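Protein chains: 2
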Amino acid sequence: MDEVACLDPRCNPTQFFDLDGYEAIVHRNAGGNIRHALRDVLTLDRAFELNEIAIIHHTDCGALTSTDEQIRSHIKARVDKEHWAEVDAIEWGSMVNVEESVKEDVEWFRANPLVREELKRHCQGFVLDSQTGKVQRVDVE
Amino acid sequence: MDEVACLDPRCNPTQFFDLDGYEAIVHRNAGGNIRHALRDVLTLDRAFELNEIAIIHHTDCGALTSTDEQIRSHIKARVDKEHWAEVDAIEWGSMVNVEESVKEDVEWFRANPLVREELKRHCQGFVLDSQTGKVQRVDVE
Ligand SMILES: [Zn+2]
Ligand SMILES: [Zn+2]
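Those protein sequences? They're chains A and B, same order as listed.
In terms of the numbering used here, the first sequence is residues 1 to 141.
In terms of the numbering used here, the second sequence is residues 1 to 141.
Isolated chain A (complex conformation) (with noise of 0.2 Å):
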């Protein structure tokens, strides 16, 4: 199994799925973003062929409480101008609704023409509630 998680202390699947670190193999990004696993999806499933993927976000989450364009002009103001075109073309992934986010990165993946099909048949995604610790499974279509 691989995880994608959001990279917040709170949402660690080691903990909450009960495993022991060596089961699974977790990537852990500011928000749990699939955009931004997919090459480590992409290697892991070339080495060892990997038979599920969880993506798991979670409430109270800190991408949350902005959005893109918030952090853009934030970044873009102490930046020089000349480099204003890297600050846009990077996907900032802010989410409005947690479990919207999580549809949408599961329904991206199995979109994406670059992973195995067996593999999208296989992926999975889930809220972490920051709070209680429990994890809901999403439905996705």
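There could be a bad hint or two in this list.
Repeated chains share a single entry, so a pair holds when one copy, or any two copies, can fit it.
[As the list claims (entries may be wrong)] Capping the alpha-carbon separation at 25 Å, the derived lysine-lysine pairs in BS3-like fashion look like this:
1) K120 <-> K81
2) K103 <-> K81
3) K76 <-> K120
4) K134 <-> K76
5) K103 <-> K120
6) K134 <-> K103
Note that these hints are calculated values from the structure, not bench results.
Quick caveat, the model's predicted, so the values are computed rather than measured.
Given the coordinates of chain A, work out where chain B with the ligands should sit on it, guided by the hints.
This is chain B with the ligands only, laid out in the frame that chain A set:
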């Protein structure tokens, strides 16, 4: 402190840096590649004003076992030709030498125009010996 480390289960900074998981934010991707962590560093720096970045690669890393070209060929073999450009566009981040890759990542980070100057000065690189669990700082320039 923000840490960028390989997602290999042996390369877990909360273990070898003796952190309780709440002192540090840990981004984990294949190899511990800083390029693929830039979005996170920038958004986290915006939210928390980071004071340190540690880049940690490790001996015996999977990223040392194949070249970008091998990964690309492998994926192209099962992907429709119309999507080969997407395969080529991904920076796969294969490594030849783990110390060199840490050095290159630190240098890349320090040269990146989107990163705050002060944060650049507080970026350090480390190599974890996967056998002994010892972490060694890599001197850069
Ligand atoms: Zn989060
Ligand atoms: Zn590794």
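Do the hints match the structure? See the list:
Taking identical chains as interchangeable, the C-alpha atoms of K120 and K81 lie at most 25 Å apart only when they sit on different chains, with a minimum of 19 Å there against 40 Å within one chain. For a Cα distance limit of 25 Å, the shortest separation of K103 from K81 qualifies neither inside one copy, at 36 Å, nor across copies, at 28 Å. In this assembly of identical chains, the alpha carbons of K76 and K120 lie at most 25 Å apart only when taken from different copies (17 Å versus 37 Å within one copy). Within a single copy, K134 and K76 get their C-alpha atoms no closer than 38 Å, and across copies no closer than 39 Å, so neither meets the 25 Å cut-off.
In this assembly of identical chains, the alpha carbons of K103 and K120 lie at most 25 Å apart only when taken from the same copy (13 Å versus 36 Å across copies). Proximity of K134 and K103 under a CA criterion of 25 Å is satisfied intra-copy only: 18 Å inside one chain copy versus 40 Å between copies.
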